[in-house]
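Novice: This is what each chain is made of:
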Amino acid sequence: MRKWWAKITGLVIMASLLLPEMVLAAGPKASPLVIVADTRKFTGWEAWWTNLYNESHFYFTLVTIVIIPVVGLIFGVVADIVMTWIGLDLKSRELAEH
Amino acid sequence: MDFFYVLMPIAGVSIFWPGLIILGVGVGIIGGFFGMGGAWMVTPGLNILGFPMAFAIGTDIAHMAGKSLISTMRHGKFGNVDYKLGVIMIVGTVLGFEVGAQMVMWLERIGQVEKYVRLLYLVLLSLIAWMVFADVAKKKRKDREAVAAGKEVDKLSTGIEWHKTLHKIKIPPMVTFKEAQLTCSAWLPIFISFATGWMAGILGIGGGLIRMPALIYFIGCPTHVAVGTDLFEVMISGLYGTATYTYKGRTELVAALIMLVGAAMGAQVGTVATKYIKGYGIRIAFGLAVIGCGVSVLLKLMAKWFPAWEGLLDGSATVLILGLVAAMSLYIGIRMVIGAKAEVAAKKAQISVAK
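First to last, the protein sequences are chains A and B.
Going by our numbering, the first sequence opens with residue 111, and the numbers climb by one from there.
Going by our numbering, the second sequence opens with residue 73, and the numbers climb by one from there.
None of these hints come from the bench; they were simulated from the model.
Do not rely on the hints blindly, as some may be mistaken.
[To be verified] Calculated cross-link-like contacts (lysine-lysine; reagent style DSBU-like; alpha-carbon spacing at most 35 Å):
hint: 1; chain 1: B; residue 1: 214; chain 2: B; residue 2: 240
hint: 2; chain 1: B; residue 1: 210; chain 2: B; residue 2: 149
hint: 3; chain 1: A; residue 1: 201; chain 2: B; residue 2: 240
hint: 4; chain 1: B; residue 1: 156; chain 2: A; residue 2: 201
hint: 5; chain 1: B; residue 1: 212; chain 2: B; residue 2: 413
hint: 6; chain 1: A; residue 1: 201; chain 2: B; residue 2: 214
hint: 7; chain 1: B; residue 1: 236; chain 2: B; residue 2: 250
hint: 8; chain 1: B; residue 1: 210; chain 2: B; residue 2: 372
hint: 9; chain 1: B; residue 1: 211; chain 2: B; residue 2: 223
hint: 10; chain 1: B; residue 1: 250; chain 2: B; residue 2: 211
hint: 11; chain 1: A; residue 1: 201; chain 2: B; residue 2: 210
hint: 12; chain 1: A; residue 1: 201; chain 2: B; residue 2: 413
hint: 13; chain 1: B; residue 1: 350; chain 2: B; residue 2: 427
hint: 14; chain 1: A; residue 1: 201; chain 2: B; residue 2: 223
hint: 15; chain 1: B; residue 1: 240; chain 2: B; residue 2: 227
hint: 16; chain 1: B; residue 1: 350; chain 2: B; residue 2: 240
hint: 17; chain 1: B; residue 1: 214; chain 2: B; residue 2: 227
hint: 18; chain 1: B; residue 1: 214; chain 2: B; residue 2: 376
hint: 19; chain 1: B; residue 1: 211; chain 2: B; residue 2: 242
hint: 20; chain 1: B; residue 1: 320; chain 2: A; residue 2: 201
hint: 21; chain 1: B; residue 1: 419; chain 2: B; residue 2: 223
hint: 22; chain 1: B; residue 1: 210; chain 2: B; residue 2: 240
hint: 23; chain 1: A; residue 1: 201; chain 2: B; residue 2: 420
hint: 24; chain 1: B; residue 1: 149; chain 2: B; residue 2: 242
hint: 25; chain 1: B; residue 1: 211; chain 2: B; residue 2: 236
hint: 26; chain 1: A; residue 1: 201; chain 2: B; residue 2: 212
hint: 27; chain 1: B; residue 1: 250; chain 2: B; residue 2: 240
hint: 28; chain 1: B; residue 1: 320; chain 2: A; residue 2: 151
hint: 29; chain 1: A; residue 1: 201; chain 2: B; residue 2: 236
hint: 30; chain 1: B; residue 1: 227; chain 2: B; residue 2: 242
hint: 31; chain 1: A; residue 1: 201; chain 2: B; residue 2: 227
hint: 32; chain 1: B; residue 1: 223; chain 2: B; residue 2: 427
hint: 33; chain 1: B; residue 1: 236; chain 2: B; residue 2: 214
hint: 34; chain 1: B; residue 1: 419; chain 2: A; residue 2: 201
hint: 35; chain 1: B; residue 1: 250; chain 2: B; residue 2: 156
hint: 36; chain 1: A; residue 1: 201; chain 2: B; residue 2: 427
hint: 37; chain 1: A; residue 1: 201; chain 2: B; residue 2: 250
hint: 38; chain 1: B; residue 1: 149; chain 2: A; residue 2: 201
hint: 39; chain 1: B; residue 1: 210; chain 2: B; residue 2: 242
hint: 40; chain 1: B; residue 1: 372; chain 2: A; residue 2: 201
All chains should be modelled from the sequences, with the hints used to inform the complete structure.
Specialist: Written out as C-alpha cells, the structure reads:
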C-alpha cells in the first residue's frame, strides 16, 4: 500500500511539473500579444510593481503566486477569529446525512 | 466619485472597485456553498465592469485560487474534505484536461469548435439538472413509501444510487476514503476525474460544475464532502492557473486582491451555510443554478442564430447570470444568518441551564 501511495504521489508531482496548463480553469488560451504596462502613471509600490511586470514575468509570477495564498490564508485566519468570537462552532457539523 | 475608481497598474484602466468587491462576495458565497470556482459567473461580471478581456481570465483564476483556499480551510475543519480522494483525482483530471484540450484543437482545425462546445455544454447542463431533480424525486418517493408502510424514514436515504453499482467493480488496489466514508477501487475516482477533466478541457471551464455532481452520483460522496473535496481540487487548479496566466502577463493582481476581499467574506458565508442546510437542500439549489446557467448558454446560442436580436439575447444572458448570482447569494446568506442565530441562541440557552 505504501509503495502504491509513493507511486501515486510521484505521478501527481510529475504531472504537476510537466503538464501545468492542463488543469487551468476557464476559457481560451491567452493570445501571444505582448502587453507593456505604462509605468509613467505610477509612483511608489505601483511603479515598482509595473516595472517588475515589464522587466520579468518570471519574478512577477513568483511574487503573485506567493501573495495570493498568503492573502487567502490571512483572510481565512481573520474570519476564524471573528466567527469564533461570534460563537459559531467551526470544528464540527451536526448534519451527517447525504 | 474618483474615490470609487482604482487605476489598474498593469491593464491601465480605471475600474469601479466596489463592483469588484460585490462580484467577489457573490462568487465567494456560491463557490463556497456549491464547491466550484465560478468562472462562468465572473466573466460576464468583469465584462460589465469594463475589465479588458485580455486580463479577465487570469485575474479570475488568481482570485479563485485564494478564495478556494479559504473555503477549503473552512470545509477541512468541518471534516468535509477528503484529501486522499482529492490527490488521487488530480491524476485523472490532469490527463483528462489534456485529452479535452487536444480535442478542442482538432475541432478548431475543422472550424466547428464554438458550435459543438456550446451544444455540448447545453446537453451536459441538461443532464446534470435532470440527474439532480430525478434524484430528489426518487428520494421523496422512497420516503413516502416508507411512511405508507409504517416504517421510520431513513435520514440517510438517497435517491439515485449509481455509485453502489460502480463500487461492485473491485479492480485492485481498493482504497478506503475516511471522510467520504467509502471503499472502492482506486480506478473509479481516477476514471471519473478523467471523464470530468476531459469534459472541462473541452468546455474550457474549471470543472467544479461537473465534478461536484460526479463525486456525489458516481463516487458516492456525501454532499458536503463532495463540495469540500471539489474545492480542494479547484484550489490546486487555481494555483496552477494563476502561475501560468501570470507568466503570460495576463493577471491583474490588484483587481484579484480587491475581489478576494469580497470573496473571502463570501466564501465564509457560503461555507458556513453548508452547516445549516441539509445535503438535499444543497443539491436542489445546485440544480436550480445549473438550470439558470443552461438557459444563459441557450440565450448565447440563440444570439448566434438570430443576429438581429444578438444585443438583446446577449444582454439577457448576462442579466440572467448576474440575477442568479444575486438571488442565490441572498438566499444562502439569509440561511446562514438564520442558522448562526439559532446556534448562538442554543448555546446561550445551554449555558443558562447549566448555571
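Novice: Determine for every hint whether it applies to the structure shown.
Specialist: Cross-check of the supplied hints:
1. Annotation: proposed proximity of residue 214/B to residue 240/B holds, straight-line Cα distance about 23 Å (limit 35 Å).
2. This hinted pair checks out: residue 210/B and residue 149/B have alpha carbons roughly 32 Å apart, not beyond 35 Å.
3. Between the alpha carbons of residue 201/A and residue 240/B the distance comes to roughly 34 Å, so the proposed pair stays at or under 35 Å and holds.
4. For the proposed pair residue 156/B and residue 201/A, the alpha carbon gap of about 20 Å is at most 35 Å, so the pair holds.
5. At roughly 29 Å between alpha-carbon atoms, residue 212/B and residue 413/B fall within 35 Å of each other, so this suggested pair holds.
6. Our distance criterion of 35 Å between C-alpha atoms is met by residue 201/A and residue 214/B, whose separation comes to about 32 Å.
7. Of the supplied pair hints, the one linking residue 236/B and residue 250/B holds, its CA atoms being roughly 17 Å apart against a limit of 35 Å.
8. A hinted pair counts as satisfied when its Cα atoms are at most 35 Å apart, and residue 210/B with residue 372/B qualifies at roughly 33 Å.
9. A distance of roughly 15 Å separates the Cα atoms of residue 211/B and residue 223/B; the hinted pair therefore holds under the 35 Å criterion.
10. Distance restraint check for residue 250/B and residue 211/B: the Cα-Cα separation of roughly 25 Å lies within the 35 Å cut-off, and the hinted pair is therefore satisfied.
11. A hinted pair counts as satisfied when its Cα atoms are at most 35 Å apart, and residue 201/A with residue 210/B qualifies at roughly 32 Å.
12. A threshold of 35 Å between alpha carbons decides the hint, and for residue 201/A with residue 413/B the separation of about 17 Å falls inside it, so the pair holds.
13. A distance of roughly 32 Å separates the Cα atoms of residue 350/B and residue 427/B; the hinted pair therefore holds under the 35 Å criterion.
14. A distance of roughly 34 Å separates the Cα atoms of residue 201/A and residue 223/B; the hinted pair therefore holds under the 35 Å criterion.
15. Between residue 240/B and residue 227/B, the direct Cα distance comes to roughly 24 Å. Compliance with the 35 Å bound is thereby established for this hinted pair.
16. Between residue 350/B and residue 240/B, the direct Cα distance comes to roughly 28 Å. Compliance with the 35 Å bound is thereby established for this hinted pair.
17. Between residue 214/B and residue 227/B, the direct Cα distance comes to roughly 11 Å. Compliance with the 35 Å bound is thereby established for this hinted pair.
18. Between the alpha carbons of residue 214/B and residue 376/B the distance comes to roughly 44 Å, so the proposed pair goes past 35 Å and is violated.
19. Using a Cα cut-off of 35 Å, the hinted pair residue 211/B and residue 242/B holds, with the two alpha carbons roughly 27 Å apart.
20. Restraint check for residue 320/B and residue 201/A: not satisfied, since their Cα atoms lie roughly 40 Å apart, outside the 35 Å limit.
21. Restraint check for residue 419/B and residue 223/B: satisfied, since their Cα atoms lie roughly 33 Å apart, inside the 35 Å limit.
22. Taking the CA atoms of residue 210/B and residue 240/B, the gap is near 22 Å; set against the 35 Å cutoff, the hint holds.
23. For a cut-off of 35 Å, the pair hint linking residue 201/A to residue 420/B stands: about 18 Å separates their Cα positions.
24. Using a Cα cut-off of 35 Å, the hinted pair residue 149/B and residue 242/B holds, with the two alpha carbons roughly 31 Å apart.
25. Between residue 211/B and residue 236/B the CA atoms are separated by roughly 15 Å; this keeps the pair inside 35 Å, and the hint holds.
26. Distance restraint check for residue 201/A and residue 212/B: the Cα-Cα separation of roughly 31 Å lies within the 35 Å cut-off, and the hinted pair is therefore satisfied.
27. A C-alpha spacing of about 18 Å is found between residue 250/B and residue 240/B, which places the hinted pair at or below 35 Å, so the restraint holds.
28. Simply put, residue 320/B and residue 151/A have alpha-carbon atoms about 22 Å apart, close enough for the 35 Å limit, and the pair holds.
29. Distance restraint check for residue 201/A and residue 236/B: the Cα-Cα separation of roughly 30 Å lies within the 35 Å cut-off, and the hinted pair is therefore satisfied.
30. Among the hinted pairs, residue 227/B with residue 242/B is consistent with the structure: their alpha-carbon atoms are about 28 Å apart, no more than 35 Å.
31. For the hint pairing residue 201/A with residue 227/B, the CA-to-CA distance comes to about 22 Å; that is within 35 Å, so the pair holds.
32. Between residue 223/B and residue 427/B, the direct Cα distance comes to roughly 40 Å. Violation of the 35 Å bound is thereby established for this hinted pair.
33. Among the hinted pairs, residue 236/B with residue 214/B is consistent with the structure: their alpha-carbon atoms are about 17 Å apart, no more than 35 Å.
34. Proximity of residue 419/B to residue 201/A is assessed by CA-CA distance (about 15 Å); at most 35 Å being required, the pair is judged to hold.
35. Between residue 250/B and residue 156/B, the direct Cα distance comes to roughly 9 Å. Compliance with the 35 Å bound is thereby established for this hinted pair.
36. Note on residue 201/A and residue 427/B: the hinted pairing holds, with a Cα-Cα distance of about 25 Å set against a maximum of 35 Å.
37. Between the alpha carbons of residue 201/A and residue 250/B the distance comes to roughly 17 Å, so the proposed pair stays at or under 35 Å and holds.
38. In summary, the hint linking residue 149/B to residue 201/A is supported, as the alpha carbons are separated by about 5 Å, within the 35 Å threshold.
39. A distance of roughly 27 Å separates the Cα atoms of residue 210/B and residue 242/B; the hinted pair therefore holds under the 35 Å criterion.
40. A distance of roughly 43 Å separates the Cα atoms of residue 372/B and residue 201/A; the hinted pair therefore is violated under the 35 Å criterion.
Hint compliance for this structure: hints 18, 20, 32, 40 are broken, all remaining hints hold.
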